[in-house]
Amino acid sequence: MNNLLAQVGADPNASPFWAAPNGSSQLWTGIIAALLIGVGMIAMLIYAPVRARRMIVAFFTFLAGGFYVLYFFWPQSIDRSKTDLPVGATERVTFFLEDAMPVVSNFTNILAGFLLGLGIYSLWRVHGRRLLKMQKDWVFSVVLLGSSVLMVIVGYMDWHSRLGVNGPKLDDHANWQFINYFKDFLFEGFLQQMDAAMFSVIAFFILSAAYRAFRIRSIEATVLLASALVVMLSLMGLVTNAWQGRIDAMAGHDPNSFLQNFSLDTIRTWITNTVQTPSIRGIDFGIGIGSLAMGLRLWLSLEKSGTSA
Amino acid sequence: MSKAPSSTGEKLQSLPKPALYAILILLTSVPLFAKVTIPNKESKASANFYTLVSGTLDPTFPPSPTIDPAKPVLIQTDWTTSTRGESAGQFKSLMRILMSRHIKFCIFSAGDPQAPQVARDYIDIVNNERKSHGDKPYERWNDYVVAGYFPGAEAISNSIQNNFKTAFQDKKDKDPNGTPTPIFESPVLKGVDRVSDFSAMILVTGSNTSNIAIERIKAVKLSMMVTGVMGPETQVYYDSGQLVGLVTGLKGLYDMESLMNKDPQFSKEKNLDQGAAYYPTLHIALALMIAAVIIGNVGMFMSKRRAA
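Which chain is which? The protein sequence lines are A and B, in order. Each step along the first sequence adds one to the number in my numbering, with nothing skipped, and position 226 is 228. Each step along the second sequence adds one to the number in my numbering, with nothing skipped, and position 242 is 245.
Don't take each hint at face value.
[As the list claims (entries may be wrong)] Listed next, the stretches of chain A that the computed footprint assigns to chain B, with coverage defined by at least 3 CB atoms under 8 Å from CB atoms of chain B:
| id | stretch |
| --- | --- |
| 1 | 35 to 42 |
| 2 | 109 to 117 |
| 3 | 125 to 133 |
| 4 | 167 to 174 |
| 5 | 207 to 213 |
| 6 | 277 to 283 |
Worth flagging that the hints you see were computed from the coordinates, not collected in a lab. In this text the structure is predicted, and so the values were computed from the model without any measurement. Using N, Cα and C, we set each Cβ at its ideal position, and we do this for glycine too.
Can you make the complete structure from the sequences, with help from the hints?
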């Protein structure tokens, strides 16, 4: 089991089961076998009776969750070196769990890949149907489907052009070909700019919301407004400099003077460290306990919603 | 149809949204056309970060740790373009310092699959700057490696702390021949066996991966560059001494750029860049927000007085 899951076993020179050399027949055999097994298992799951399906899902959920539960709760090594050998049963389990973690993480990656595939299939189905039936807003579906196909093709061609000995030369823009510029245009010129533009829209909402909602209607609102004002002012170098200059002058440039407590930075630090962060921690604790309860329910398959299909 | 505001108080409380947006666009565009220099006093957290990576001790602050330039630095980059206003500038300033001091580094991400590519794009930008002033560009594989994306920030942070070599064992980057090769065969990670073999670990992030890392990684000097939103949550770790230095938001970035600008060892670098360009915009936006809040409250009090 250790050799099967671990990337590095007792013999560091032995070829790990999950890491066949690039382009080797061993790798291709592994990929085809995994694909066949995967398709077979999905087919089995589809045709299995509902009761059996539930049990299979529950078993694998428990197995997968069990690994992470063990990994987090089992005593862990500290700053372990590759040449360290385990002493005793506890350390043997520790080393096994740690060595297996990269492989199990890759399983997670592969599962996420399947989920991505499922998401893409669903998206294509919905928008493809809308396009074929020329339903309302079918033009947007054309844009979505067209841009996704274009991005996949151009991204793949760019990736392919970077393989081999000429790949590193493309790190220098002077050696770029049309396809590299085109991919850069789509990724940097379009996708990332739109991403940033969407994020920057928040500035308008914040300004509008602050103008309409920040009113001194109660003591609580006044405290909130005063705190926000101090934090905002402390981010303005122009204001903090002028304020600090005044405090320094009044304190006779004594860094230990009581008046230094009234510098904007000190007040802001007090607000964030003493009031804001403990509040966030309180919320985090609540979320943590909720997540733990939910995680336990999912791990033990007590959570029925979403598993009955 | 809503009644049109009649009194001054009501008018002050109901400024139209398009007008507010237009003012915001106009005012924040000013620094694009006019150079505005903001006076600045660097924070201790930024100065400590700067001392760590640059090796320059600032006489205005107590001495703080520095990195060993002979050892590589581990960089976790978890930002993408959504926070590039702050994170890109922070990342560029970090790259300028490390490249200028010929310090090797290994980059990975645990926050976003896009992050390694975004980081590579900005390394290219800094490399082009180096070429423009006649310096040798930093070479992938020989000077730095990109270990890519790790799903599950909690698990990878645990693995880095406990068993770095195994955690990064199957990661590859392209060697000078373009062949994907295990990163441990690169000159960057030569002699690296565990995380304590790095001179420091630096996180550049716009998300809560900062908290995840600090809760787990203890075997190496840890330092961070975070966005303004993540600042308050992260500041406590700096105050408690768990972080060697901390750069927070645009203010932190401007601190870094100001410190680089004063340091003769970076005289060739483009020191005053994104921080110097965006800091005045932040000032204007904050001033506008404060003004909007004051106007709204004045309007409310005027209306109340009139009603009474």
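Status of each hint after checking the structure:
With 0 residues bearing a CB less than 8 Å from a CB of chain B, the stretch 35 to 42 of chain A misses the requirement of three and the coverage assertion fails. Coverage of the stretch 109 to 117 of chain A by chain B holds [criterion: at least 3 residues with CB-CB distance below 8 Å; count 3]. Beta-carbon proximity to chain B at under 8 Å applies to 0 residues in the stretch 125 to 133 of chain A; the threshold of 3 is not reached and the given coverage is violated. For the stretch 167 to 174 of chain A, the stated coverage by chain B is satisfied: 6 residues place a CB nearer than 8 Å to a CB of that chain, which reaches the threshold of 3.
Counting residues of the stretch 207 to 213 of chain A whose beta carbon lies closer than 8 Å to any beta carbon of chain B gives 5, which reaches the threshold of three, so the coverage claim holds. Under a criterion of three residues with beta carbons nearer than 8 Å to beta carbons of chain B, the stated coverage of the stretch 277 to 283 of chain A is upheld, 3 such residues being counted.
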